[in-house]
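4 protein chains.
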Amino acid sequence: MAETNSNKIRAAILGASGYVGAELVRLLSRHSNVEIVVLTAERRAGQPLAAVYPHLGDLGLPDLLKIDQVEWGGLDVDVVFCALPHGTTQPVVAGLLHATHHSVVDELVAETTEDVIAALPKSVKVVDLSADFRLRDVDVYRQWYGHAHQAADLQKTAVYGLTEFSRDAIAKASLIACPGCYPTTTLLPLVPLLEKALILPYDIIVDAKSGVSGAGRSEKEANLYAEVAEGMHAYGLGGHRHAPEIDQELSVAANEPVTVSFTPHLAPMSRGILATTYVKLADGATAQDLHRALVDRFEDESFIRVLEDGAVPATRHVRGSNFCQMNVFPDRVSGRAILVSATDNLIKGASGQAIQNMNVAFGFAETTGLEAGPLFP
Amino acid sequence: MAETNSNKIRAAILGASGYVGAELVRLLSRHSNVEIVVLTAERRAGQPLAAVYPHLGDLGLPDLLKIDQVEWGGLDVDVVFCALPHGTTQPVVAGLLHATHHSVVDELVAETTEDVIAALPKSVKVVDLSADFRLRDVDVYRQWYGHAHQAADLQKTAVYGLTEFSRDAIAKASLIACPGCYPTTTLLPLVPLLEKALILPYDIIVDAKSGVSGAGRSEKEANLYAEVAEGMHAYGLGGHRHAPEIDQELSVAANEPVTVSFTPHLAPMSRGILATTYVKLADGATAQDLHRALVDRFEDESFIRVLEDGAVPATRHVRGSNFCQMNVFPDRVSGRAILVSATDNLIKGASGQAIQNMNVAFGFAETTGLEAGPLFP
Amino acid sequence: MAETNSNKIRAAILGASGYVGAELVRLLSRHSNVEIVVLTAERRAGQPLAAVYPHLGDLGLPDLLKIDQVEWGGLDVDVVFCALPHGTTQPVVAGLLHATHHSVVDELVAETTEDVIAALPKSVKVVDLSADFRLRDVDVYRQWYGHAHQAADLQKTAVYGLTEFSRDAIAKASLIACPGCYPTTTLLPLVPLLEKALILPYDIIVDAKSGVSGAGRSEKEANLYAEVAEGMHAYGLGGHRHAPEIDQELSVAANEPVTVSFTPHLAPMSRGILATTYVKLADGATAQDLHRALVDRFEDESFIRVLEDGAVPATRHVRGSNFCQMNVFPDRVSGRAILVSATDNLIKGASGQAIQNMNVAFGFAETTGLEAGPLFP
Amino acid sequence: MAETNSNKIRAAILGASGYVGAELVRLLSRHSNVEIVVLTAERRAGQPLAAVYPHLGDLGLPDLLKIDQVEWGGLDVDVVFCALPHGTTQPVVAGLLHATHHSVVDELVAETTEDVIAALPKSVKVVDLSADFRLRDVDVYRQWYGHAHQAADLQKTAVYGLTEFSRDAIAKASLIACPGCYPTTTLLPLVPLLEKALILPYDIIVDAKSGVSGAGRSEKEANLYAEVAEGMHAYGLGGHRHAPEIDQELSVAANEPVTVSFTPHLAPMSRGILATTYVKLADGATAQDLHRALVDRFEDESFIRVLEDGAVPATRHVRGSNFCQMNVFPDRVSGRAILVSATDNLIKGASGQAIQNMNVAFGFAETTGLEAGPLFP
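Chains as they are written, first to last, in the working numbering: chain R, 2 to 378; chain E, 2 to 378; chain L, 2 to 378; chain S, 2 to 378.
I should point out that these hints are in silico values taken from the structure, not numbers from a laboratory.
Among the hints, a few may not be true.
Said to hold, decoys possible - Lysine-lysine pairs mimicking DSS-like chemistry, simulated, CA-CA at most 25 Å apart: (1) R:Lys281 - R:Lys197; (2) R:Lys67 - S:Lys221; (3) S:Lys281 - E:Lys281; (4) L:Lys67 - E:Lys221; (5) S:Lys67 - R:Lys221.
What the hints assert, rightly or not - Here are some of the chain R residues that sit facing chain E, going by a computed Cβ distance under 7 Å: (6) Arg27; (7) Pro55; (8) His56; (9) Ser214; (10) Ser271; (11) His318; (12) Gly321; (13) Ala373; (14) Gly374; (15) Pro375; (16) Leu376; (17) Phe377; (18) Pro378.
Even glycine gets a Cβ: it sits at the ideal position worked out from N, Cα and C.
Using the sequences and the hints, build the whole thing.
Structure follows, in structure tokens:
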């Protein structure tokens, strides 16, 4: 289905063997403005994608390569999606953004990259789905990820790609750092409410529930079917890496430092994130005010569905789509409200939002390639 | 998204509150040649579809009606999809095909309809997803469904819509009886092999496994989550209603009477049918011959994927798509082979095949509206 | 297996066709001190239990009766377990406690029962698993359940049966009101911490996740497999009936009115409750102090497992058992801690705790009949 | 709970970190005649069992050892359960049965063991749950397992422990080879019917469906939750290692060589095996005759439940128990019948049957430690 077409932009997907990479392939292979020209997967290099993902057969795609097998020179790549493990993306992106200008493929895996990046190239755009460029403060990055940032200068140019809030910057960016799945789901309802000062910027508690695909396709005992099915547990208690990312964006919205209490849980499902967020109302504000503010903020958005009064967001009603459902409920405890938001972690929380960002960056209609409705049941 | 468009055909969906109806809405609402103008649901009449299926909100669709509330007169309907319970469709379809010519809405639920149908109307096409018109022999129908067929004359005009095998007839039909989910999955590999006499027409054993959505959205104890999850069982042992339907088509293919042993099982999953079919090889034939015959037969088909040697079909690799995966394996018992085929029961086994048939009937490209790839994980 | 044995107490189970009733049968039929002599189920009366629950066949149990078919006179029942729907138990229990003294079976379903109960009988004990006698304040009951309490005098005699906190009262009680599944799971860690004033009595937020069996075996669309599987949602937002029950007990523990924010969620699993509770530390207290307090409080308890530092409770690790796992974690937000507790909602949250209470009430070893360890995977 | 008790036999469990090992621990730790004195797990040696299986905490068990760390000398072990990976058990068992006589611990992992085994020791009994001693013909073993049998002499002494058919031999055996989960489930209904010549010994087709725990706790991509949930597929097509094991026992029962067509499937559930077996009736025999034969054969068995006419076996109705449910159904194809049998693969298909065999071998009541009923839902 993906034929050569000179009117299409040419895309590379690095890390195509993970679930996020597979979703990028599924969605981009049917995107009317995109042609996939490179797929990489370090451990599966040399294989056709269908050997890794049988559901992605018959799409006419190139076989998998190792990153350093890619001969960027003649490919005329317009956009690179990086769906690589956290911590490995910084040198790759640094190399990429340099290499495409100077054909210095060797730099791709350079261990120190800061000095080779003189100016950001304009001709290629990088849409990164890892955590490597999400945190603006590289000290915070080091604190949470345990090593120094390897492309600190480049970090300064990265745009945090929560699409609905950063279109202008995304349109101009060379490097778009797509938000994590938890931050996406959590921030979408919180940011407008903090911006409008309808809720207090402290005592914000986020209790999030995620499907297993958020942990990737890695072969860990904890992710085995028999370990996950028919049970629930919390994890990352008091210290999940998505917390500082949420703090960062909430602090901008509130215009003062915000520290959230954030606790993720693993639910026995493949896809979906549900965030239940407990907030305190600003003086005089009601849950109804919050609802109205969200309706106003998002009424022109294609992918944000603020539900009608009383309707409850559910991950099953966004599964397979780029939608985020949300709603606000008054708490029985006076002065409190409860926000509930739901996304498909692999789509709006990853590949879908990445494509949405690409659409903005290249001037395509924002919904292109993301038209599919939720798949239920 | 569904705007008035005079270039589109106008579709009615009867029984939109079931899972099959919901899938018809999901797919047709994004079909470039179709506008949905009527949705019915007897018990939910008066409500917006989003009240029944929150994932189908914001599509700009008409509210739900009762069938007898539909004023067919001014609607200019081109195609009617009937996703009604088995046994209730015959009078409705008889009424429809008559009423649209003669504006006799009263006839719609007429108890005896045979005499009111003089000639089949040409202006509207009915795509029926119930079992009501699948069995050509109305005596067989009575035997398996427990009551006399209520539109025996109309039955004679019905085309059994296993698309890949009946395109010419479908193109000309007014009434297309879409195959059941089990028959679709079972027949696709079996028919070509019987036609080519590569397998014996007896001792065919079909062991099928289905997800729960095949039982519809009805509120039965047996379909509760806690009853279904984490367990398996067989049902309809020795007498499932899809058996005579399979027999009928296999007998045509084999050109002699075939009686299959067919045993369905309920698997703890929402979607998907896997059919494992045990066959005896014709004298001199090998499993490899069977594989080659299937490859030859289906290589030009858009939705049939005969896998490479050794690759195993899986329901998860067709979920959410109109694809059928299949393959052939040699049995360790000499002279035997094993066929495995997989579909999404709600799509290729119901709504997708119905739309595929509509595409054929109206001359659209057969894949229109069915482009979505499988959703995995 | 359940033979007549004059050394055993004789038990009736009212409402044996629900999941809680079935678990009572499963556990009591193997309890060395109990003989089951009556099983009721209004809609399935006349059938053997195995027709309703095939896994409970071959136990030598009496067939199902309607409650008013039970001839209490000659049965010499010692204990009655009521696993009836909320709101229907009050007249039954009132009748029971009266009828066993006066042989007035007619009173069993009397609509007004207050005047027939002069003194509580001593010879029979009622272990109620419904919500009908949990709320001490009948006005609160009316507010949350929408009708006047039908046995207000009897309510005064009911003991709230959170076993670990009420053994003395349970030992003497005629009517034990077993806590709900959510309250059990939530209260176990919270009560000791409030009693010791280690946490603040306000801003307590309980985010609970439950398996579907908590909704019973009723044939509701919302509980169908295809509706529940692979998704999550919150429900009862801002007003679940277990909230006032939690408030009631926390207020006793804190010795001042407590109002919790309580939000339950439906998780795609049959059994299990996970409660994640966000609390504020009392001045000077640390998460470690909380952990030590829980260890101290529960170290002699057979069914409460305060996990080691850092270990995370999981519903799968208590499934099929009467255990409650719990732990305390410091929050990254200063001054906060997170409690996590897990139970099997049908056992420690219902039938198991009921039997534990019966053991206390009749002077049996508390673990009798509840020795089974968790079933994993 | 497991206290030192000189009246109990002393058990070692080799391979306690797998699912089968964990089930052995769960069941034996509550067995009134057994004390667990050794637990081994190569990769987790040095850890408490609760670190590997949190649900098995607080049982007072010894920490995990490597096999060669066990000092068998002073342990007075009476029974050794081997739950080791296939192919690794032969030298261990050979060493064991030798070492306990001669205190030659070094032999335990000897690569050639045939010559060190002079006579079978009587003082220790080995209950092996691997496939290493199931196949009587070591040539067949080599053919299916790809290497020469490493303890061929010992193989001759092994008893195939399908309890219901081999009690006398089990009582006298030093080495009991417990049947695989598929063979157990398949053989139980087939053996009596072949013995009585009620079915034909050819054209037997076994379509089996298993939960994921049958694949063990190994960290394979194919067993990840997101790979398994909500889907089904066949595997081992035409060549699963359990086929020759089934053949072997059926051939004995039929008194002539039998070759089954056996196809396993992976179902999205943790536990349970359902076998649907398609058979041809012997001349004159009816499905009813088969049912009666099974009832007669098994009516005194504690763990075999031949269901009433028409009732359908289900894995969920045996889950967590040592029961096997079975029934017979007439096929619609004349001369055919369908057998359906269900077990919990980890219990009757592994640990439960092993304990049942141990009970027989040591003269305990056969149901000891296996009294738990099925856990549903």
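Going down the list of hints, with the structure as the test:
Note on R:Lys281 and R:Lys197: the hinted pairing holds, with a Cα-Cα distance of about 14 Å set against a maximum of 25 Å. Distance hint between R:Lys67 and S:Lys221 is fulfilled; the C-alpha atoms sit about 22 Å from each other, no more than 25 Å. Of the pairs offered as hints, the one joining S:Lys281 and E:Lys281 holds, with about 15 Å between alpha carbons and a cut-off of 25 Å not exceeded. A hinted pair counts as satisfied when its Cα atoms are at most 25 Å apart, and L:Lys67 with E:Lys221 qualifies at roughly 22 Å.
Restraint check for S:Lys67 and R:Lys221: satisfied, since their Cα atoms lie roughly 22 Å apart, inside the 25 Å limit. Taking 7 Å as the C-beta contact cut-off toward chain E, the hint placing R:Arg27 at the interface holds, the least distance being around 5 Å. The beta carbon of R:Pro55 comes within 5 Å of a beta carbon in chain E, closer than 7 Å, and the hint placing it at the interface holds. For R:His56, the shortest C-beta to C-beta distance to chain E is roughly 4 Å, which falls under 7 Å, so the interface hint holds.
Here the hint on R:Ser214 is kept, as its CB sits about 5 Å from the closest CB of chain E, short of 7 Å. For the restraint placing R:Ser271 at the interface with chain E, the shortest Cβ-Cβ distance is roughly 4 Å, inside the 7 Å limit, so the hint holds. The interface hint given for R:His318 holds, since its Cβ lies 4 Å from the closest Cβ of chain E, which is under the 7 Å cut-off. Taken as an interface hint, R:Gly321 checks out: its beta carbon lies about 5 Å from the nearest beta carbon of chain E, inside 7 Å.
Hint status for R:Ala373 relative to chain E: holds, with the closest Cβ pair at about 6 Å, below 7 Å. The beta carbon of R:Gly374 comes within 5 Å of a beta carbon in chain E, closer than 7 Å, and the hint placing it at the interface holds. The criterion of a C-beta within 7 Å of any C-beta in chain E is met by R:Pro375, whose closest approach is roughly 4 Å, and the hint holds. Evaluation of the R:Leu376 hint against chain E yields a held restraint, the C-beta minimum of about 5 Å falling below 7 Å.
Below 7 Å, beta-carbon pairs count as interface contacts, and R:Phe377 has one with chain E at about 5 Å; its hint therefore holds. Hint on R:Pro378 holds. Least Cβ distance to chain E is approximately 4 Å, under the 7 Å limit.
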